[in-house]
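Novice: Sequence:
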Amino acid sequence: MEETESRQYQKMTETPIWKLALRFGLPTTVSMLITNIYNMADTFYVSKISVSASGATGIVFALMAVLQAFGFMFGHGAGSNISRLLGAKKIERAKVFTSTSVFLSFAAGLLIGVLGLLFPDALMRMLGSTDTILSDAKMYGIFILISAPALTVGCALNNILRYEGEAAYAMAGLCAGGILNMLLDPVLIFQCQMGIAGAGLSTAVSQYLSTAILFLPFIRKKTVTEIRFRFMSKEREDIQNIILTGLPSLARQGLNSVSTAVLNLQAAMFGDAAVAAMSIVGRCGNLLFSFALGIAQGFQPICAFNYGAGKHDRVKKSALFTILFGMGVMGALCAVCDLFAVEIIRLFREEESVVKAGADAFHWMCRTLYFLPISAVGSMLFQSIGKKGRSFFIAALQSGCISIPCMLILPNLFGIAGIQMAQPCAYLIAGALTIPVLLLFFKQESKKIT
109 MEETESRQYQ KMTETPIWKL ALRFGLPTTV SMLITNIYNM ADTFYVSKIS VSASGATGIV
169 FALMAVLQAF GFMFGHGAGS NISRLLGAKK IERAKVFTST SVFLSFAAGL LIGVLGLLFP
229 DALMRMLGST DTILSDAKMY GIFILISAPA LTVGCALNNI LRYEGEAAYA MAGLCAGGIL
289 NMLLDPVLIF QCQMGIAGAG LSTAVSQYLS TAILFLPFIR KKTVTEIRFR FMSKEREDIQ
349 NIILTGLPSL ARQGLNSVST AVLNLQAAMF GDAAVAAMSI VGRCGNLLFS FALGIAQGFQ
409 PICAFNYGAG KHDRVKKSAL FTILFGMGVM GALCAVCDLF AVEIIRLFRE EESVVKAGAD
469 AFHWMCRTLY FLPISAVGSM LFQSIGKKGR SFFIAALQSG CISIPCMLIL PNLFGIAGIQ
529 MAQPCAYLIA GALTIPVLLL FFKQESKKIT
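Numbering (the working numbering), first residue to last: 109 to 558.
Hints in this document: simulated from the structure, not taken from any laboratory.
A quick note: this is a predicted structure, and the numbers were derived from the prediction, not measured.
Accuracy of the hints is not assured; some may be wrong.
When the alpha-carbon atoms are kept at most 25 Å apart in a straight line, the in silico PhoX-like pairs for lysine-lysine are as follows [what the hints assert, rightly or not]:
#1 Lys495 / Lys342
#2 Lys342 / Lys127
#3 Lys198 / Lys329
#4 Lys419 / Lys127
#5 Lys119 / Lys197
#6 Lys119 / Lys198
#7 Lys329 / Lys419
#8 Lys119 / Lys342
#9 Lys495 / Lys551
Just the calculated beta-carbon pair ranges, DEER-fashion [unchecked claim]:
#10 Phe227 / Asp421: 51 to 57 Å
#11 Asp239 / Leu547: 46 to 52 Å
#12 Lys342 / Leu455: 50 to 56 Å
#13 Met377 / Leu324: 46 to 52 Å
#14 Glu460 / Glu343: 55 to 61 Å
#15 Glu122 / Val444: 35 to 41 Å
#16 Ala540 / Leu130: 55 to 61 Å
#17 Phe550 / Lys464: 42 to 48 Å
#18 Pro124 / Gly436: 16 to 22 Å
#19 Met377 / Ile199: 52 to 58 Å
#20 Phe448 / Asp421: 40 to 46 Å
#21 Phe448 / Lys330: 37 to 43 Å
#22 Leu130 / Gln301: 43 to 49 Å
#23 Arg115 / Phe522: 54 to 60 Å
Glycine residues also receive a C-beta, built at the ideal position from the N, C-alpha and C atoms.
Put together the whole structure using the sequences plus the hints.
Specialist: Okay, here's the thing in structure tokens:
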């Protein structure tokens, strides 16, 4: 164990920044891609059933975002502390945060799952379901609620592994679940004639498998920290620390869920075709989003570990490299998707009303999404070093505080175009407001470098 700890410390504090960023960013991005690809697989196969079924995927996506929000809150909240403690060589304290986070995430997932199963109609309507979509949304959503504990724990474990510098293990768990989901979808939906229930069952089974695999590195003692009941903290300060540090992740994911629900409600004014179009664009956008988020998340353990070790020059260099690299990757991807927006939307539905509304929204998204790495890195930087207020501020800007008002106001001025441009406007404004906050931080960090 001491040899593992020493090797990990040397790797995190001496390896060139660009090598570490690519080493951690690549598996994290792959993990995010696989997760979003299997979400898109659900959308693709379910969209072949009906327009209302296609719209139901957008409703249930908001539910999954809520569950992920709590998983990410506990995972990031503990992970930030774990990485900084490992950098400071406080191994036993790091174990406390690992165990406490896992058990808290399980409790949160179980509570949400039980409440959702008791009141499914109210939950689906709250998430933006229309009368015509409700039946499909409930059928799909029930399976997601059954898998809720696995989903929240899986998100927590994934982030803890990343913060330990074991991104490859995190990737293995998520990829295995994603691949299984993509294989099961067509079998259960069409061959077993389960319809949308097949998509839900496929997701639930895949999620439990993924979470089981994410436990393996801890069981096989491949990690520095451990998951044990005896390490679970009952101290209010520790639990408060995890929650407050992870709050930006809850804001990021939770506000995304609220934004999706508001988007569904606003799109419903223009009919099921608009809901289906925005649902498809949301999944496509999240696939692109996963590149920026994966690159940004890959830099978090580098940032937190070196901050804990007192190596402030590496913190600054890792942030700058990640922003520039992320913007370059996003710029290239968005340019290609912008060029083929109509063809991409048509892969999901052939109705001209859906294609027209979806392609217009996707154009808007592709032309602004490459600004996302600025706010994504900004929020994750401050979260990783324990600056909770600034991280929460940027996360809230990026995820809902700008887009939700835009969704409520712009449709009254521009009709459906207002819905299509709401989230893209948020990417631009959030990026612009993050820049001065980052510049001030870099100036402060430069003074600490001797």
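Novice: Next, verify each hint and record whether it holds.
Specialist: Hint-by-hint comparison with the structure:
| no. | hint | result |
| --- | --- | --- |
| 1 | Lys495 / Lys342 | holds (24 Å) |
| 2 | Lys342 / Lys127 | violated (39 Å) |
| 3 | Lys198 / Lys329 | holds (18 Å) |
| 4 | Lys419 / Lys127 | holds (17 Å) |
| 5 | Lys119 / Lys197 | holds (14 Å) |
| 6 | Lys119 / Lys198 | holds (17 Å) |
| 7 | Lys329 / Lys419 | violated (28 Å) |
| 8 | Lys119 / Lys342 | violated (33 Å) |
| 9 | Lys495 / Lys551 | holds (16 Å) |
| 10 | Phe227 / Asp421: 51 to 57 Å | holds (52 Å) |
| 11 | Asp239 / Leu547: 46 to 52 Å | holds (50 Å) |
| 12 | Lys342 / Leu455: 50 to 56 Å | holds (51 Å) |
| 13 | Met377 / Leu324: 46 to 52 Å | holds (48 Å) |
| 14 | Glu460 / Glu343: 55 to 61 Å | holds (60 Å) |
| 15 | Glu122 / Val444: 35 to 41 Å | holds (37 Å) |
| 16 | Ala540 / Leu130: 55 to 61 Å | violated (28 Å) |
| 17 | Phe550 / Lys464: 42 to 48 Å | holds (44 Å) |
| 18 | Pro124 / Gly436: 16 to 22 Å | holds (18 Å) |
| 19 | Met377 / Ile199: 52 to 58 Å | holds (55 Å) |
| 20 | Phe448 / Asp421: 40 to 46 Å | holds (42 Å) |
| 21 | Phe448 / Lys330: 37 to 43 Å | holds (42 Å) |
| 22 | Leu130 / Gln301: 43 to 49 Å | holds (45 Å) |
| 23 | Arg115 / Phe522: 54 to 60 Å | holds (57 Å) |
The structure fails to meet hints 2, 7, 8, 16 from the earlier list, while all remaining hints are met.
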